[in-house]
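Student: Chain residues, written in single-letter form:
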Amino acid sequence: MDFIFAGGTDVYAGLMRFFHVIAGVAWIGLLYYFNFVQVPALKNAAADGTGAGITKHVAPLALLWFRWAALATWLAGAALLGGNFSAAFLLETGYEAIGIGSWLGTIMLFNVWALIWPNQQKILGMKKATDDEKTKARRVALLASRTNVVLSIPMLLLMTNGLSHKALLHI
Amino acid sequence: MKNPLDSITGTIVSGIILTIIILALLENFFNT
Numbered sequence: 004m005d006f007i008f009a010g011g012t013d014v015y016a017g018l019m020r021f022f023h024v025i026a027g028v029a030w031i032g033l034l035y036y037f038n039f040v041q042v043p044a045l046k047n048a049a050a051d052g053t054g055a056g057i058t059k060h061v062a063p064l065a066l067l068w069f070r071w072a073a074l075a076t077w078l079a080g081a082a083l084l085g086g087n088f089s090a091a092f093l094l095e096t097g098y099e100a101i102g103i104g105s106w107l108g109t110i111m112l113f114n115v116w117a118l119i120w121p122n123q124q125k126i127l128g129m130k131k132a133t134d135d136e137k138t139k140a141r142r143v144a145l146l147a148s149r150t151n152v153v154l155s156i157p158m159l160l161l162m163t164n165g166l167s168h169k170a171l172l173h174i
Numbered sequence: 025m026k027n028p029l030d031s032i033t034g035t036i037v038s039g040i041i042l043t044i045i046i047l048a049l050l051e052n053f054f055n056t
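Chains as they are written, first to last, in the working numbering: chain E, 4 to 174; chain W, 25 to 56.
Excised from the complex, chain W in its bound form (with noise of 0.2 Å):
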């Protein structure tokens, strides 16, 4: 598999993939 990081549409794509983990993280497991 290509690393996704080697194209800047695949390194914004991680970008915003990373933003919604840690979105879906403050909302369940923290009380924010």
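Chain E on its own, in the form it takes in the complex (with noise of 0.2 Å):
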């Protein structure tokens, strides 16, 4: 496999890398579904009564895909970094930037478990609300998956330079 993986001791990692930027991709393209589709547009179906379809039959499947994604993408990262995991989060020397990205990655998996699916779950009807409840969700939940939009930017900017191109690169 040395044509794919840099060497055989390497393919633990390569394979976790892989699984890592897939799961990725799952979690933050739904994201970027959620924030720039499906908001706007339950907005505009909110006018002539059509959202339903989403809320019944969309929402509640990209919901399962958006949070289960998330955590395997966290698990997937922090496998990658195996012994490296502590100084990443620790900031230590070399590893400031994969740092500040496993730690803006890991609040937006705090974000999605503890902020988002809850008020979501409420918003959709899964859990049991008042209208007053279901409308501070509604705020909650956007705050929320704004701000991941937002941490998203300078996370997708570390992780894919800060430390995974530098290890491929033996350095």
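I should point out that these hints are in silico values taken from the structure, not numbers from a laboratory.
Be aware that one or more of the hints could be misleading.
[Unchecked claim] Simulated crosslink set (DSS-like; lysine-lysine; CA at most 30 Å straight-line):
#1 E/K125 / W/K26
#2 E/K59 / E/K130
#3 E/K137 / W/K26
#4 E/K46 / W/K26
#5 W/K26 / E/K139
#6 E/K46 / E/K137
Build the complex from these two chains, which are given one at a time in their own frames, with help from the hints.
Tutor: In structure tokens:
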């Protein structure tokens, strides 16, 4: 496998990087779908009463893939860091860029599971909630989701340049 | 003042500004 992975001992890291990127594409792709497509579409659909199809059939499935892809991305990233995990999270010398990227990704994972998902369950009627609670849930979920879009921009820059490419070049 | 996260443009601009701040931090406060 030397033609694809840089040496036999790098197969594990190569596979983890591959899973990390695939799951990350699913996660951030759905994050951008929610923010750039679904939220504006639901606003338009509310005007003519056609939003039910999206909230009933599309949103729950998109959220399912979204939250599990988020977890899978983080786990594969942690596996890829391996022995460098604590050096990255403690921002040790040489690990500052990937470390900040790792922290951004971790905050984003927290936002998904602790803020977006519980509030979306109320909004979509999977959990009982009063109209007031739903209004508040909409605001919290939107702001958490938008915050993740903001964080995704530096996170992706640091992920693609922080450590992985240096590691590939054996620097 | 309007919350920039209420619009897609405001969100993306906020992300770019945060990126510039983080890069400046890395450049000036870390030996990277």
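Student: Compare the structure with each hint and give your call.
Tutor: Structure-based check of each hint:
1. E/K125 / W/K26: Given pair E/K125, W/K26 holds - Cα atoms ~26 Å apart, limit 30 Å.
2. E/K59 / E/K130: Status holds; Cα separation ~14 Å.
3. E/K137 / W/K26: holds, 22 Å
4. E/K46 / W/K26: holds, 19 Å
5. W/K26 / E/K139: Since the Cα atoms of W/K26 and E/K139 sit roughly 18 Å apart, the hinted pair holds (cutoff 30 Å).
6. E/K46 / E/K137: Status holds; Cα separation ~16 Å.
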